[in-house]
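For chain S, the structure is supplied; the task is to place chain F on it using the hints.
Order-wise, the sequence lines are chains S and F. FYI, our numbering numbers position 83 of the first sequence as 83, with every residue one higher than the one before it. FYI, our numbering numbers position 238 of the second sequence as 238, with every residue one higher than the one before it.
Everything labelled a hint here was simulated from the structure, so no lab data went into it. One or more hints might be untrue.
Put simply, identical chains are the same to the list, so a pair is met inside one copy or across any two.
Computed cross-link-like contacts, DMTMM-like style, restricted to lysine to aspartate or glutamate with a CA-CA straight-line distance of at most 25 Å [said to hold, decoys possible]:
#  : residue 1 : residue 2
1  : K274      : E84
2  : K58       : D148
3  : K178      : E282
4  : K195      : E130
5  : K58       : E144
6  : K58       : E25
7  : K58       : D106
8  : K58       : E84
9  : K274      : D33
10 : K58       : E98
11 : K58       : D125
12 : K195      : E84
13 : K195      : D224
14 : K58       : E83
There are 2 protein chains.
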Amino acid sequence: MTVKAVAASGFTAGARATGGLATLEADAMVLRDALERRYLGWAREVGAASTLYPPLMKVTDLNRIDYFHNFPHLAMLCAGLAEEAAPHYAQSGAGTGEVSSIHLADAQSALPSAACYNIYLDMADTYLDEPRLVTTVATCFRREQHFDGLKRLLGFSMREIVCVGQREAVLAHLNGFKQRLTAYFAEIELPIETKPASDPFFDSSSGRALMGQLFPVKEEFVFDGELAIASVNFHRNFFGERCGIRTASGEPAFSGCVAFGIERWIQALTTHFKAPPIELAERV
Amino acid sequence: MTVKAVAASGFTAGARATGGLATLEADAMVLRDALERRYLGWAREVGAASTLYPPLMKVTDLNRIDYFHNFPHLAMLCAGLAEEAAPHYAQSGAGTGEVSSIHLADAQSALPSAACYNIYLDMADTYLDEPRLVTTVATCFRREQHFDGLKRLLGFSMREIVCVGQREAVLAHLNGFKQRLTAYFAEIELPIETKPASDPFFDSSSGRALMGQLFPVKEEFVFDGELAIASVNFHRNFFGERCGIRTASGEPAFSGCVAFGIERWIQALTTHFKAPPIELAERV
Numbered sequence: 001m002t003v004k005a006v007a008a009s010g011f012t013a014g015a016r017a018t019g020g021l022a023t024l025e026a027d028a029m030v031l032r033d034a035l036e037r038r039y040l041g042w043a044r045e046v047g048a049a050s051t052l053y054p055p056l057m058k059v060t061d062l063n064r065i066d067y068f069h070n071f072p073h074l075a076m077l078c079a080g081l082a083e084e085a086a087p088h089y090a091q092s093g094a095g096t097g098e099v100s101s102i103h104l105a106d107a108q109s110a111l112p113s114a115a116c117y118n119i120y121l122d123m124a125d126t127y128l129d130e131p132r133l134v135t136t137v138a139t140c141f142r143r144e145q146h147f148d149g150l151k152r153l154l155g156f157s158m159r160e161i162v163c164v165g166q167r168e169a170v171l172a173h174l175n176g177f178k179q180r181l182t183a184y185f186a187e188i189e190l191p192i193e194t195k196p197a198s199d200p201f202f203d204s205s206s207g208r209a210l211m212g213q214l215f216p217v218k219e220e221f222v223f224d225g226e227l228a229i230a231s232v233n234f235h236r237n238f239f240g241e242r243c244g245i246r247t248a249s250g251e252p253a254f255s256g257c258v259a260f261g262i263e264r265w266i267q268a269l270t271t272h273f274k275a276p277p278i279e280l281a282e283r284v
Numbered sequence: 001m002t003v004k005a006v007a008a009s010g011f012t013a014g015a016r017a018t019g020g021l022a023t024l025e026a027d028a029m030v031l032r033d034a035l036e037r038r039y040l041g042w043a044r045e046v047g048a049a050s051t052l053y054p055p056l057m058k059v060t061d062l063n064r065i066d067y068f069h070n071f072p073h074l075a076m077l078c079a080g081l082a083e084e085a086a087p088h089y090a091q092s093g094a095g096t097g098e099v100s101s102i103h104l105a106d107a108q109s110a111l112p113s114a115a116c117y118n119i120y121l122d123m124a125d126t127y128l129d130e131p132r133l134v135t136t137v138a139t140c141f142r143r144e145q146h147f148d149g150l151k152r153l154l155g156f157s158m159r160e161i162v163c164v165g166q167r168e169a170v171l172a173h174l175n176g177f178k179q180r181l182t183a184y185f186a187e188i189e190l191p192i193e194t195k196p197a198s199d200p201f202f203d204s205s206s207g208r209a210l211m212g213q214l215f216p217v218k219e220e221f222v223f224d225g226e227l228a229i230a231s232v233n234f235h236r237n238f239f240g241e242r243c244g245i246r247t248a249s250g251e252p253a254f255s256g257c258v259a260f261g262i263e264r265w266i267q268a269l270t271t272h273f274k275a276p277p278i279e280l281a282e283r284v
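If we strip away everything but chain S, and leave its shape as in the complex, we get:
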């Protein structure tokens, strides 16, 4: 892999991506840091505690939230070399550029595909006296069929601001962020449409689909007709049920999250304003 080949494969100023993997150079890092300060500012305003969760998830935890049912094709599992294969690699290296699955150990862990799953799993089997607000950032991974610059990556950074508690508190959190984001995009003059979207977690249940008419499951903030840079997501009590999180009344807690795809913000901002990321850092 030469630097030239990387630079030629689709990039915005200060950032480049190939094969679903991005490199952010100093200029783009300044914008990234500014965006993170913006998200964390919003998180502070709503009283969300900043927490960093494990960078790997357990297969058993993902199973608990139906991950493999819904996204088997997107999963990225992690495994060591099988004990009997390691000496061969020590002697000969991985000559073919890949490690055959017959040389892998069984996988007990997987890479996260969303930042917020760990929040619900970390709260598992607890009672919440009052709504809990948490913000976290994670490198998330999705094994898509194709990748496209910073727009669609195998590994990407997702910042989330999550509310877990009673239904009303969660809906207030999501509605508050819909207003906040709409006002923000108008203020910085970034053209963004909001669009309803679907979420496989809930599409299979007719009872849940009915509830979906009362409040949309997912709304996306879309740049240029196709690039969702943020979303608000109402999970109803799905994670509360699956993880045994209960409100003071003993009912499964509701949850909802606001999610930001950081590389996509960099893509949208540099594309729209046609300015180097370092200048845009002052604008966001």
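Here is chain F on its own, set in the frame of chain S:
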């Protein structure tokens, strides 16, 4: 996994770890952010550009730098579900809590085990007119035999400040940081010893071992007799040779890095000063 079980398994204030995976809560995050500001301040002082590299490495790239020869047991490979296995998981989930290797696709990628490998690979097949200084942070993974709280993790955060160029520039970089760190630990009154250490990348070559007498391959900054929280590492021209990085004279470039294990700093600081991380944030 209940919250109680996690909290009981070894922790410092605001941080906890189980099975090699750490969770940093709001208090510890304040200290983490303060440490990152400190490292980035040092990076700026020496003119290192902040860059973020892909969160996955290619097996073929790791092979190029002899990774599997030296650390086959530590490697964490990443693979999707095999095409023929995915429908089964979609229907039945991962019932046993692990994914059998017979259901995995071949692995083309692996998790990084050090933050700086991507720097040399990104510079591959280039000529450097002058020394290049880069800082990066990465979540790194090592499949150790056992894990121990924040001291020894499966997944951890490593900040590095790297110099690539002529031998003298690299040695000046490393010597500068040895002095800087020694003075810094004295200033904040954290008792740290420096200890020489070895590195499997170089131990096998007698020619290289001879050069080792002129400058140590690795020196560690050790807290409490056993916890290396930082290290300075002289790679000689190993990465320059393997990655085709050349100086203006056409010779393989030398390289060296200063590395900080962020969770270990949190562990050392909270242990020594017996204070909550949020107070220590002002001290670092």
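Check: Where does the structure disagree with the numbered hints, that is, which hint numbers, in rising order?
Finding: 1, 4 and 12
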